[in-house]
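S.K.: Go by the hints and put chain E onto chain H.
For the protein sequence lines, the chains are H and E, in the order given. Read in order, the letters of the first sequence correspond to residues 1 to 234 in my numbering. Read in order, the letters of the second sequence correspond to residues 1 to 533 in my numbering.
Hints in this document: simulated from the structure, not taken from any laboratory. As the structure is a prediction and not an experimental result, all values here were calculated from the model. Be aware that one or more of the hints could be misleading.
[To be verified] Derived CB-CB ranges, DEER-like:
| no. | chain 1 | residue 1 | chain 2 | residue 2 | range |
| --- | --- | --- | --- | --- | --- |
| 1 | E | Ala513 | H | Asp68 | 30 to 36 Å |
| 2 | E | Ile8 | H | Ser71 | 44 to 50 Å |
| 3 | E | Met1 | H | Gly12 | 32 to 38 Å |
| 4 | E | Phe10 | H | Arg52 | 32 to 38 Å |
[Said to hold, decoys possible] Interface residues of chain H toward chain E, partial, derived using beta-carbon atoms under 7 Å:
| no. | residue |
| --- | --- |
| 5 | Cys48 |
| 6 | His51 |
| 7 | Asn96 |
| 8 | Asp100 |
| 9 | Lys106 |
| 10 | Asn110 |
| 11 | Leu126 |
| 12 | Ala127 |
| 13 | Asp128 |
[Stated by the list, open to error] To be clear about the criterion: a stretch of chain H counts as covered by chain E if any three or more of its residues have a C-beta under 8 Å from a C-beta of chain E, and this derived list gives those stretches:
| no. | segment |
| --- | --- |
| 14 | 67-74 |
| 15 | 111-124 |
Note that CB positions come from ideal geometry on N, CA and C, so glycine has one too.
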Amino acid sequence: MLRIEHLTKKYGAKTAVDDLSLHIQKGEIYGFIGHNGAGKTTTLKACCGIHRFDEGDIWVDGTSIRTDPLSCKKKLAYIPDNPDIYEFMTGIKYLNFIADMYRVPKEERNSRIHEYADKFELTDALADPVSSYSHGMKQKLAVISAWIHRPQLIIMDEPFVGLDPKASHLLKEMMREHCGRGGAIFFSTHVLEVAEKLCDKIAIIKGGRLVISGTMDEVLGADSLEEVFLELEG
Amino acid sequence: MLGTLIKIRFQAIADSMFRSSRGKKVSAGMKVLAALLGIYVVAVFAALSYLMFAQLCEPFHLMGIDWFLFSFMILAAFCLMFIGSVFFAQSQMYEAKDNELLLSLPVPVSVILASRILTLYLMNLAYGAVVLLPGMAAYAVKIGTDAVQTVIFLLIFLLLPLLAVAVSCLAGALLSALSGRIRRKSLVITLLYVAFLALYLYGYTKLMDGMNYLAAHGDTLADALRKTFLPLYQAGAAVADKDLFCFSMTLVYILVPFAVIYALLSKSFLAIVTAQKNSAKRRYRQKTLRENSVVGALVKKEGLHFLSSPGYILNGAFGSAVLIAAAVFLAVKQEYVTMIAAMIPGAQAALPLGAVSAACTILGTVLVSAASISLEGKCLWIYQSCPVSPMQLLHSKILFHLIISLPAAVIASAVCVAVIRPSLPDAVLVLLSPAVFCVFGAQLGLIINLNFPRFDFVSETAVVKNSMSSVLSLIAQAVVGLAPLGLYMLAEPVRSLGGTVILAVYLVILAAASAVMYRVLRGWGTAVLESFS
Chain H
1 MLRIEHLTKK YGAKTAVDDL SLHIQKGEIY GFIGHNGAGK TTTLKACCGI
51 HRFDEGDIWV DGTSIRTDPL SCKKKLAYIP DNPDIYEFMT GIKYLNFIAD
101 MYRVPKEERN SRIHEYADKF ELTDALADPV SSYSHGMKQK LAVISAWIHR
151 PQLIIMDEPF VGLDPKASHL LKEMMREHCG RGGAIFFSTH VLEVAEKLCD
201 KIAIIKGGRL VISGTMDEVL GADSLEEVFL ELEG
Chain E
1 MLGTLIKIRF QAIADSMFRS SRGKKVSAGM KVLAALLGIY VVAVFAALSY
51 LMFAQLCEPF HLMGIDWFLF SFMILAAFCL MFIGSVFFAQ SQMYEAKDNE
101 LLLSLPVPVS VILASRILTL YLMNLAYGAV VLLPGMAAYA VKIGTDAVQT
151 VIFLLIFLLL PLLAVAVSCL AGALLSALSG RIRRKSLVIT LLYVAFLALY
201 LYGYTKLMDG MNYLAAHGDT LADALRKTFL PLYQAGAAVA DKDLFCFSMT
251 LVYILVPFAV IYALLSKSFL AIVTAQKNSA KRRYRQKTLR ENSVVGALVK
301 KEGLHFLSSP GYILNGAFGS AVLIAAAVFL AVKQEYVTMI AAMIPGAQAA
351 LPLGAVSAAC TILGTVLVSA ASISLEGKCL WIYQSCPVSP MQLLHSKILF
401 HLIISLPAAV IASAVCVAVI RPSLPDAVLV LLSPAVFCVF GAQLGLIINL
451 NFPRFDFVSE TAVVKNSMSS VLSLIAQAVV GLAPLGLYML AEPVRSLGGT
501 VILAVYLVIL AAASAVMYRV LRGWGTAVLE SFS
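Bound-form chain E, shown alone:
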């Protein structure tokens, strides 16, 4: 029974990737492409972990504080597991749509709980593997290891996710309880997630900045850690010194909290998942209702949908936030541009091209339109029965994509022009290209989503984050975004044209492609939309 439940869970995840709700199966080629992309992402993260720990191995070993390296590895892995799984724990454990269905079946609550926890465990194990395994590999290569040390390390690697599961479940339960009592639930969850992520990224950048400091002053920091946080010291020492006492204590630190949380959840799971989660009731005050045009009302509807879902906000519009953050960074740290221009021969001439390419690549991660058709879901009948033309619906989705992406594009372009101070033609191209890219991306996303709609989703986040439409849109936009800089750097005949000409051609191509896609949407797109039933 437990095996079946876990199988269903993973099947649902795979299904959200590889099947469209119209029964159209995703081709083997697409599956291979998605798998390759997944492997690429994992490989990049693993390589980063390897390089980071490889840099620290020798200095720490020379100082005789190998344990600090392992403590550090374990802490980094734990943080990644927690951040990666806390919201998943909330949505999959306490707010899963099939909780009530499963509770109505002759399946013991303990088995439902175990299936959820095991899924979380496997997910955390994967997060841990990206940090811990390359870390250990770096240690084995730089310092060397033996069988006992490897076994102890592997045991900790296999058991550490249990601690992350326990903490995530606890935090997820708190989030779930909180979200049931607050009005602006999606805003609070989005802010919390951004805060978590910002904290992690801040820690990570500080760590990279202070890598040399860490290597030089590791012993002082290690001493401080040993005195203040014994469990982390013991976990590191268990591996580094093959200390069985420390290993036993580490097992206690991992298994006891997990057992306590599991026991608590076993007793309260039913109460938590069946609790009324209605947010605070609002008092209705009659006001004169405002009239909107049809497209205006549809755009407003898209906005309400967007703002109601943290998963949609975080995964659909992250690129816009990153682009604005990058623009602010560029405005504050203008000297970086001068530095780069001085360091790399020919970089000054390529700065406008690089700025456009970077802005477009980041804008390519805005996935609002790529998920917007699927997100109509079971409510598609509302549009279908209203006197709304397919093109009006498509217009509203394009417009909403632009509302999310265009301001970021304009701000970033303006900052780039102010900082780089290009020639007038370059300035115009820098200002226009990202804006036109937004129009291009909005339509491309729609076309891909019309090809790969997914109306029978269980989670909106899965549609925005993992669906075939989103993944393909992300890849396609990244390729188009990187194209001008990539061609400039790799192809001499292209480079010889000069940055301004390349940018001008790029802008013309983007505009032409957008015009063609608009025609495609008017013809094929409306026909496809009308055929959905």
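If we strip away everything but chain H, and leave its shape as in the complex, we get:
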């Protein structure tokens, strides 16, 4: 579903991501772990076409994001680490706007928006401007907007930050459901317990380079993720 080959991204003289290769299969929840500034966000943004990169390539379901970004973007959804959403819109207008961007048919957008808004208990706030939303409410809105067009691949940067326990639990369920339907999820997190319980595979990145990747068993062995992470981080 997502194939990253020899990805290198530089900011001037600084190499943010250095020759990174990862393969994410359909049905997988893939966790991306690393310290602050390790290159996680840069990688995620490159995968969804926000950042250009210097070397390598990224394929979404066989399509190169470098040569055909629009086709790739149709198949994926992105949730950033900080849900900066148009504050001048109401929640419902924002969701409808996103549905327009992905050309979601009228009937489906209506049912999906209200289904997810009900799940996240956001329906009553849909008529309010986003500027009046708390951080958690904005995060819920960003999650709903990512699920509206039923993308094949969902890329999330720290998706659990700001969510209450109930919403976090719901999001985890939705992630599993999505992968159960043949989709894939690639997300970064600092919450190692969540990664350990939720992910099928993980990758640890340090200083822009991939340190280790694979299934939980391959990476952890007998240790906990925290122990492995701290050991690798040195």
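M.R.: Relative to chain H, chain E alone:
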């Protein structure tokens, strides 16, 4: 600490002018250009004040009511300070984005408040200087002054902004409290601002109209003012008559309200800035959602953004409002055109050219597209992660600029044709040129904004009003708008071509430039847009 806070405030203002968020520094040449433009604007206002007061000095002096001149000066300065700073007080004192950050730091609330008030004071001092200093200069030249009078005047000049600060802070607090409780906040604020401005301009035009009346009947008006509004009389008399009692009373009128407001704010500032400002909650009623095309949805988004911000409406689309107002004025006062045509030799032939030039110059103050890329701000990721091509985004911004400017251009052109009654070729040119200018301006603004984007702004108003992109777009469009009339008036070889030919060439140039800019946007523009991260 106070000095640092004030420095930061002014740094932020300068930063919004001279730095792009991509770290690209604005060149020294651009800085000089912006400074020259600033000096030009101040010089024009100061010259207007000088001429106005110079006209009144002698008649008032002959009537022995010099104090009325100073009262009048002080009142005009106070009004300008109030109008200029009331919304600034609201946004910078009570709704400043760094209020919470500063409150979390070990900085006393009194110091935060003092830094805000001092910034407001300096701003009001600058407004006051544009009215009071030329006024006093006019008095010194026409009538003469001495050291004592100058010192009293300067003290009032330095202290008067405190009164304006007090009143602005009070009005700003009311506006802030009000805007937290109403739904259509931006509409209310826009209407209030327009009402204030209209009132000021109405007063100003009435004043200009009645200048002769004022000069002839100053004594009657002065007598009425003395009886009805003693503080203003005393302020004028303090300067004119060097009356120390009146001066002391003026100090009381200025300092007491300021001290009261400052004391009140010291006690309530924390409560005001931390109050919940959520507008009245709306009940959500499920309705079938309407589908839009991608570009349609993007244009709609631009519209919602525009309507949400009074600063965006007032600074971005003021030109359209002025053009429609000018068209209505022209339709009502058609005799003005006949008068001008009769007064100036050759004016009749140049009327279509003049109308097009005037309409285009006014349309050049529409700054919607020049700020639209910057206004994506931190939400740029939404467009970047959606399956939207850069050109679709650029199209939406061009279209929205046209939605704001084109109707005004069409109305104004139609009125001009109806009033001037030009020949058929001229009529076609008058109808087409402003419309094509709108397309030209929309694309020019976008190109400039792509060169000077500003994504990390604190205030949207600053982006629309003060950013390098807006200033450059304003200047460039003004130059292009004024070009046909300017060339016609100043260059004999151009004039000899005749108005119709000049207009036809102008239209062809505008259309060609628009076509070239469209190609530039398709190539370079999309590449630049894709490179933003």
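S.K.: Each hint should be assessed against the structure and marked as holding or not.
M.R.: Hint by hint, here is what the structure shows:
1. E:Ala513 <-> H:Asp68: 30 to 36 Å: holds, 33 Å
2. E:Ile8 <-> H:Ser71: 44 to 50 Å: holds, 46 Å
3. E:Met1 <-> H:Gly12: 32 to 38 Å: Holds, at about 35 Å.
4. E:Phe10 <-> H:Arg52: 32 to 38 Å: Because 36 Å falls inside the window, the suggested range holds.
5. Cys48: Since chain E brings a Cβ to about 5 Å from Cys48 of chain H, closer than 7 Å, the hint holds.
6. His51: holds, 5 Å
7. Asn96: holds, 5 Å
8. Asp100: holds, 4 Å
9. Lys106: holds, 5 Å
10. Asn110: holds, 6 Å
11. Leu126: Constraint on Leu126 of chain H satisfied, holds at 5 Å.
12. Ala127: Check passed: Cβ of Ala127 of chain H comes within 4 Å of chain E, closer than 7 Å.
13. Asp128: holds, 6 Å
14. 67-74: holds (count 4)
15. 111-124: holds (count 4)
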